[in-house]
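**Q** Those sequence lines, one after another, are chains A and B.
Position one of the first sequence corresponds to residue 1 (my numbering), numbered consecutively onward.
Position one of the second sequence corresponds to residue 1001 (my numbering), numbered consecutively onward.
If you are wondering where the hints come from, they were derived from the structure by calculation, not from laboratory data.
Certain hints may be false.
[Unchecked claim] Here are the simulated lysine-lysine pairs, DSS-like style, with alpha carbons at most 27 Å apart:
| hint | chain 1 | residue 1 | chain 2 | residue 2 |
| --- | --- | --- | --- | --- |
| 1 | A | LYS129 | B | LYS1139 |
| 2 | A | LYS37 | A | LYS82 |
| 3 | B | LYS1100 | A | LYS50 |
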Amino acid sequence: MMKKTLALVLALVMAFAMMIPAFADLTAPGSGTTIVKTTMTDEHGESAEKFTVSIPADTEITWGAKNTELTYSVESHLGYGKSLQIDVAGDNEMTYQASVSDSFALPYALSGDTAFTSAGPVIYPAADKTISVDITADDWNQAVVGQYEDILTFTVDVLGA
Amino acid sequence: MKKVLSVALAVLMICAISIPAFAVVENSLTDKGANTGDAMVKVDTGTMAGGTFEVRYPAETHISWNTKNTDIQYTSTTHLAAGKQLSVKVTKHKDYEQMKYLDYTLDYTLGGDTDVTVDTVTTTQTNTLNIGITEENWKTAPVAGYEAHLTFTVAVVDA
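Just need the whole structure built from these sequences, with the hints factored in.
**A** Shown next, in the form of structure tokens:
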């Protein structure tokens, strides 16, 4: 019983010895050090790591236009060793649903910043990226006049996470 | 048990044979002589000649991300010799002109009570330091746990 009590007391003493004091004191002429550290959460406890990719909801292409640009913007505040990757893809053809049973296709290609990877964890201020929707004159000439549309999907990944 | 009792009795015996000390009597008052006399009383400062002081500061301070101003308080208590004051200076450690995380840096300013003088006798004087980080510096820094060291230097100086 005595040995167990002694072992417990010694364990407690060791635990207290390892505790880091909250304050430091200077009681003789000389110098001392205090450490200042940043946390990775903001004052509300939310992660400081954030990113924003702003994309246009709608882009209108004038009939016959061979190249139509649309711009999206990127801002990122990520941690050490991380980067942001954005991929943009569509179906490569726009569709005109003329009636329930009749639809027409208009081929297009995407060019420009369809695949973007940031050089580092921070993009600030926000950077603008441009994509071009390319439709050939031949495709325009062969297309039934109508309102064609397609959806472009923006896929965002954090690399190095 | 017998051994413990023996030791205890030995200690008691030593205490009993201690000879009490008295100061040397320089003046004596008797019914045949003077009826007043002087005895000088002096305070011996001994090892307390320089006085005492304590400067207390936090071992570590955490700054939430995006916080532009963070206060750090420290306290000083003095009980010094006459004509003396306490000088407290706080500076950035020479290796931490900027906050650091691996090869990343984050600029900051150190302001507030970085150079104070504390009076000879002070119960508790509270002073405040300020760590400033601009919004722009936060936004351009990769998110990480940056660190800086501040140095407190104290000295007893003439008032």
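**Q** For LYS37 of chain A and LYS82 of chain A, compute the direct alpha-carbon distance and say whether it is at most 27 Å.
**A** Distance ~21 Å between LYS37 of chain A and LYS82 of chain A Cα, so the pair holds.
**Q** Checking one constraint from the list: CA of LYS129 of chain A to CA of LYS1139 of chain B, max 27 Å. Satisfied?
**A** Distance ~20 Å between LYS129 of chain A and LYS1139 of chain B Cα, so the pair holds.
**Q** Does LYS1100 of chain B pair with LYS50 of chain A here, judged by a C-alpha cut-off of 27 Å?
**A** 21 Å, holds
The earlier numbered hints are all upheld by this structure, with none contradicted.
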